[in-house]
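**Q** Below are the chains, spelled out letter by letter.
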Amino acid sequence: MPNPALLSGGLSTAATSVELLVVVGYLLVALLVGLVAYRLTGTDAEDYYLASRSIGTLVLLFTTFATLLSAFTFFAGPNLAYRQGPEWILVMGTMDGILFAILWYLIGYKQWLIGQQHGYVTLPEMLGDRFGSTRLRGLVAGVSLFWLFPYVMLQQMGAGEALVGLTDGAVPYWGGAALITVFMILYVGLAGMRGVAWTDTIQGLFMLGVIWIAVAWVLSAVGGPAVAAAGLDANNPTFLALGSSFYTPQYIISTAVVIAFGVTMFPQINQRFFVAESAAVLKRSFALWPVLVLLLFVPAFLLGTWAAGLGISVPEGANVLPVLLGEYTPGWFAALVIAGAMAAMMSSSDSMLLSGSSYFTRDLYRPFVEPAVTADREGWLARGGVVAFATGTFLTSLTRPGTLIQVGSTAFGGFAQLTLPVMVALYWPNTTRRGMLAGIGGSQLLYLSHVFVPTVPVDIGGTTISLFARTYGGWDVALAGMALGAALTIGVSWVTTAGVDEAAERFAVGAD
Amino acid sequence: MIQMNPSMRAAGWLLTFAVVVAGAVPWFLWGSSQLIGGLPLWLWWHIGWMIVATAIFAAFTRHGWDRYLGGIDA
Chain A
269 MPNPALLSGG
279 LSTAATSVEL
289 LVVVGYLLVA
299 LLVGLVAYRL
309 TGTDAEDYYL
319 ASRSIGTLVL
329 LFTTFATLLS
339 AFTFFAGPNL
349 AYRQGPEWIL
359 VMGTMDGILF
369 AILWYLIGYK
379 QWLIGQQHGY
389 VTLPEMLGDR
399 FGSTRLRGLV
409 AGVSLFWLFP
419 YVMLQQMGAG
429 EALVGLTDGA
439 VPYWGGAALI
449 TVFMILYVGL
459 AGMRGVAWTD
469 TIQGLFMLGV
479 IWIAVAWVLS
489 AVGGPAVAAA
499 GLDANNPTFL
509 ALGSSFYTPQ
519 YIISTAVVIA
529 FGVTMFPQIN
539 QRFFVAESAA
549 VLKRSFALWP
559 VLVLLLFVPA
569 FLLGTWAAGL
579 GISVPEGANV
589 LPVLLGEYTP
599 GWFAALVIAG
609 AMAAMMSSSD
619 SMLLSGSSYF
629 TRDLYRPFVE
639 PAVTADREGW
649 LARGGVVAFA
659 TGTFLTSLTR
669 PGTLIQVGST
679 AFGGFAQLTL
689 PVMVALYWPN
699 TTRRGMLAGI
709 GGSQLLYLSH
719 VFVPTVPVDI
729 GGTTISLFAR
739 TYGGWDVALA
749 GMALGAALTI
759 GVSWVTTAGV
769 DEAAERFAVG
779 AD
Chain B
12 MIQMNPSMRA
22 AGWLLTFAVV
32 VAGAVPWFLW
42 GSSQLIGGLP
52 LWLWWHIGWM
62 IVATAIFAAF
72 TRHGWDRYLG
82 GIDA
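Taken in sequence, the protein lines are chains A and B.
Per our numbering, the first sequence starts with residue 269, numbered consecutively.
Per our numbering, the second sequence starts with residue 12, numbered consecutively.
In case anyone wonders, no lab produced these hints; they're calculated from the structure.
A couple of the hints might just be wrong.
What the hints assert, rightly or not - Partial list, computed: chain A residues near chain B (C-beta under 7 Å):
| id | residue |
| --- | --- |
| 1 | 358 |
| 2 | 365 |
| 3 | 377 |
| 4 | 378 |
| 5 | 489 |
| 6 | 491 |
| 7 | 494 |
| 8 | 510 |
| 9 | 511 |
| 10 | 519 |
| 11 | 546 |
| 12 | 551 |
| 13 | 709 |
| 14 | 710 |
| 15 | 713 |
| 16 | 760 |
Claimed, not checked - Partial list, computed: chain A residues near chain B (C-beta under 7 Å):
| id | residue |
| --- | --- |
| 17 | 490 |
| 18 | 493 |
| 19 | 554 |
Said to hold, decoys possible - Listed next, with one range per pair, are the computed distances between beta-carbon atoms:
| id | chain 1 | residue 1 | chain 2 | residue 2 | range |
| --- | --- | --- | --- | --- | --- |
| 20 | A | 771 | B | 42 | 49 to 59 Å |
| 21 | A | 303 | B | 30 | 43 to 53 Å |
| 22 | B | 17 | A | 771 | 46 to 56 Å |
| 23 | A | 495 | B | 20 | 42 to 52 Å |
| 24 | A | 740 | B | 43 | 21 to 31 Å |
Yeah, the Cβ is synthetic: ideal placement off N, Cα and C, and Gly gets one too.
Work out the full structure: start from the sequences and follow the hints.
**A** Here it is in structure tokens:
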């Protein structure tokens, strides 16, 4: 049994110790589940990364779902609702509930079918094999790891901010970020996909339960949704009307499309397309998706919205959800919700690190550095890679490079650049290696330049246009990158011929 | 069920999915702040729409899914 005084580093208030004890205790339970799963895990890569392709509906649904449950959904979403109004529910619903579900079929099921035939473990491996190109394989893996970095960092930032909010600053930002980093590393090293999938399921169900209890608690304390709405009407009269100068149609459509397409290329999500036990599992998950999204996001983002009407003030660098719960619910309950959110973030990060490590060892290290690497050595490299990656994201998270929503959407935009070239490859047999390299390379260059090059105002015909801005006329530049990626992939494939080692028939499945 | 030729059926699903995507945000309620039971009407629309989407997705898994990917060649 851990000693709370030790864990809290000698913090004076008993209340803070109780809250920390709940958080650390919860994380330890999650770790324990991972250990049990580890004992059931085989040592080969297919079991470690894919749980031997034996994941059932409930677990697949929740493991994919919990992987989406990140600092982005739990903290950034309510923060945005708190500052700008509840329309974020529509963005997340459209993107996660509808668009992602459709891509789940178009990309996910297709990849599952291909994976069943050829035994692929990662997306870069699948593309590299189809196009007979180690370079393409390395490019896709490298691009994926690059954008994974900010997203793992986001979880550490979220955890750091959450503990600051929960303990009123008694636990410093770096302490919370360090705590989750340690648990992440321990966990992913121990459990593999089966452990991650199991804890994801438990955490998904847990979060679904506590978020509704939190809503009931807050509403009964304030006197019901009508009172909360009246508070909003008084404090932020524009919040309840659909749309605002922030939530423009351009913003809603850009964000929903970019995130939905980006999500499919996240290593940890994409790898889940290979793990389902049967097609029936994929079908059931697909159909349940919109309702599950609704059940989780509506309460979470309404809490953020109501906080604005209730006059909750959120300190700089903290998140609204812990502050609101601290105000209206007992300390232990607030701690439980934060613990649940942190655990969900931990398992999201674990999935990311796990999939990232498979990209690193299988798609970068093995083909480029040491083709004859032994399985044993590869296992150690994967774990070493996880430690290095998580430490790197932790150190970068200390610089607080942006808000959660900025860091998150930048990463989603980067992944979204991969989606259309991959879809072209999945459905158009005439796609060529050069087309893929041009599509992926070109769209990444366009997007990267807009993320990293400072904005340049230019005067064109009397109107000033900001070049290298993240949006043009309210539309996210990531959309332009996606269009360019698709155009280059199709255009270059059109004018080039496939090499002899390109095997289009690899992607031909069933009714095609 | 009415007999449909395969391309009409495919076009039907395509149209259905387009409507499901487009209607998730109630554009026709833009600017409206009408409340029902303390929540905006536009939010109720979205909630209802997502439930309808689940029903449509479930129907697709029974009648469309295998027809287009991975099933036995028709």
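**Q** Next, verify each hint and record whether it holds.
**A** Tested hints:
1. 358: 5 Å, holds
2. 365: Hint holds; residue 365 of chain A Cβ to chain B Cβ min 5 Å, cut 7 Å.
3. 377: With a closest approach of 6 Å, the residue 377 of chain A hint holds.
4. 378: Hint on residue 378 of chain A: holds, closest Cβ of chain B at ~6 Å, below 7 Å.
5. 489: 15 Å, violated
6. 491: Violated. Min distance 10 Å.
7. 494: 4 Å, holds
8. 510: 4 Å, holds
9. 511: This interface hint holds because 5 Å falls under the 7 Å limit.
10. 519: This interface hint is violated because 11 Å lies over the 7 Å limit.
11. 546: Cβ of residue 546 of chain A sits 11 Å from chain B, so the hint is violated.
12. 551: 4 Å, holds
13. 709: Violated, about 29 Å.
14. 710: 27 Å, violated
15. 713: With Cβ-Cβ at 30 Å, over 7 Å, it is violated.
16. 760: Check failed: Cβ of residue 760 of chain A comes no nearer than 26 Å to chain B, outside 7 Å.
17. 490: 11 Å, violated
18. 493: 3 Å, holds
19. 554: Constraint on residue 554 of chain A satisfied, holds at 6 Å.
20. A:771 - B:42: 49 to 59 Å: 54 Å, holds
21. A:303 - B:30: 43 to 53 Å: 48 Å, holds
22. B:17 - A:771: 46 to 56 Å: Between residue 17 of chain B and residue 771 of chain A, where Cβ atoms are some 28 Å apart, the hint is violated.
23. A:495 - B:20: 42 to 52 Å: 50 Å, holds
24. A:740 - B:43: 21 to 31 Å: 29 Å, holds
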